[in-house]
Amino acid sequence: MSLQLLNVVLADDDEDDRVLFKEAMDEIRVRTKLSLFENGQELMDFLLLPNILLPQVVFLDLNMPLKNGMQCLKEIRGHKRLDSLSVAIYSTSSSEKDIEETFINGANIYINKPNNFSMLKEAIEKVLQINWQYHTSNLDKSNFLLRL
Amino acid sequence: MKIHLKYDFNLVCKTILQQQLEHLNLPYHIHGIGEVELERDLTPDEREQLGTSLGQYGIEIIDDKKNALVQRIKDTITDMIYSDGNAKNYKVSSYLAEKLDYSYVYLSNIFSEATYSSIENFVILKKIDLAKQLIIENTLTLTEIAYQLNYSSVAHLSYQFKKTTGLTPSTFQKIIEKRKFNSAERTTTFTSNK
Chain A
7 MSLQLLNVVL ADDDEDDRVL FKEAMDEIRV RTKLSLFENG QELMDFLLLP NILLPQVVFL
67 DLNMPLKNGM QCLKEIRGHK RLDSLSVAIY STSSSEKDIE ETFINGANIY INKPNNFSML
127 KEAIEKVLQI NWQYHTSNLD KSNFLLRL
Chain B
36 MKIHLKYDFN LVCKTILQQQ LEHLNLPYHI HGIGEVELER DLTPDEREQL GTSLGQYGIE
96 IIDDKKNALV QRIKDTITDM IYSDGNAKNY KVSSYLAEKL DYSYVYLSNI FSEATYSSIE
156 NFVILKKIDL AKQLIIENTL TLTEIAYQLN YSSVAHLSYQ FKKTTGLTPS TFQKIIEKRK
216 FNSAERTTTF TSNK
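Just so you know, the sequences run in chain order A and B. Residues in the first sequence are numbered consecutively from 7, following this note's numbering. Residues in the second sequence are numbered consecutively from 36, following this note's numbering.
I should point out that these hints are in silico values taken from the structure, not numbers from a laboratory. Among these hints, one or two may not hold up.
Lysine-lysine pairs mimicking BS3-like chemistry, simulated, CA-CA at most 27 Å apart [to be verified]:
1) A:K132 / B:K126
2) A:K86 / B:K101
3) A:K119 / B:K41
4) A:K127 / B:K197
5) A:K103 / A:K39
6) A:K147 / B:K41
7) A:K28 / A:K119
8) B:K209 / A:K119
9) B:K213 / A:K147
10) B:K49 / A:K132
11) A:K39 / A:K127
12) A:K132 / A:K147
13) A:K103 / B:K41
14) B:K100 / A:K80
15) B:K126 / A:K80
16) B:K41 / B:K213
17) B:K101 / B:K162
18) A:K103 / B:K126
19) A:K119 / B:K101
20) A:K119 / A:K73
21) B:K197 / A:K132
22) A:K103 / B:K101
23) A:K80 / A:K103
24) B:K162 / A:K39
25) B:K101 / B:K41
26) A:K103 / B:K100
27) A:K147 / A:K127
Between beta-carbon pairs, the in silico distance windows are [as the list claims (entries may be wrong)]:
28) B:D76 / A:H141: 28 to 36 Å
29) A:D20 / B:S187: 31 to 39 Å
30) B:K37 / A:H141: 37 to 45 Å
31) B:T176 / A:H141: 43 to 51 Å
32) B:D76 / A:L59: 32 to 40 Å
33) A:N69 / B:Q168: 32 to 40 Å
34) A:E29 / B:L73: 27 to 35 Å
35) B:G86 / A:L72: 28 to 36 Å
36) B:E57 / A:F123: 22 to 30 Å
37) A:H85 / B:K209: 21 to 29 Å
38) A:F123 / B:P79: 32 to 40 Å
39) A:N69 / B:Y92: 38 to 46 Å
Built from N, CA and C at the ideal position, the CB exists for glycine as well.
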């Protein structure tokens, strides 16, 4: 197995969803370090700290108090230092309009929250695998779009 | 005005390598893709200088042998898809085995260990990446793109595109166009209220 750790963060105000996500991450074979945040404001405060090790992927719920996922996405895309982050929207909404709008504003990945645990595991694993390739290969990141 | 560019990555990299190695006065031979032989051992200082000067161009010296081989596998696949006209007659497995001089089974194990993915998946990802580029350039039809990337039909390309990205080629194209428009708007008027 590769020794490189993949840094991942999730911002989601629903505690059950956070717990499930963490359990799914623990069971997949990619080696990861996961940090959890309860809303968009907490996440942005963290990302904007100087000298932190930035994550490779940020999973964002859309509906959150204080700062929602769309606001976070726009802020991340407006920051030069955060430009290399892959942003995955992780939401219950399957409206085509939401999906299109997040992609247009710079999201790389859109995942509908799956309704069972094994599908969640599969989705996370797929995202991390493809994201890993984008980070370590000559693939064009500006065209990285994935809908699950 | 907007112009579109096509690069020959191998030539670009080789030229940069030559310039930098000559600049540091290091005697060298460039062996194909991603491998340079130096005629003598480097002092730690020279090694660091070389690392920094190549680093400016996003070129990294790989220390670990397995990772180096994985990188060569990726580079060879890229080369096969982007520039080798003869490659169409080969299967990926025999092409890699011949170019890198290892058995395909060995290459495939090393690759999976290091990337959590397979060579086959990487080939698909890389082909779809080029398809995206060609779709955005908008000078070829999807049928022509399918032919250039060696798909048996446009349906096969569309299917693999959708399977890999979750989007159809036309949805992808629409999103990228709107995204460009969106960021152009943001930079000219500084408004982002939608």
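* To do: Tell me, in ascending order, the numbers of any earlier hints that this structure violates.
  => Of the numbered hints given earlier, those the structure breaks are 2, 3, 5, 10, 13, 14, 15, 18, 19, 22, 24, 25, 26, 29, 30, 31, 34, 35, 36 and 38, listed in rising order.
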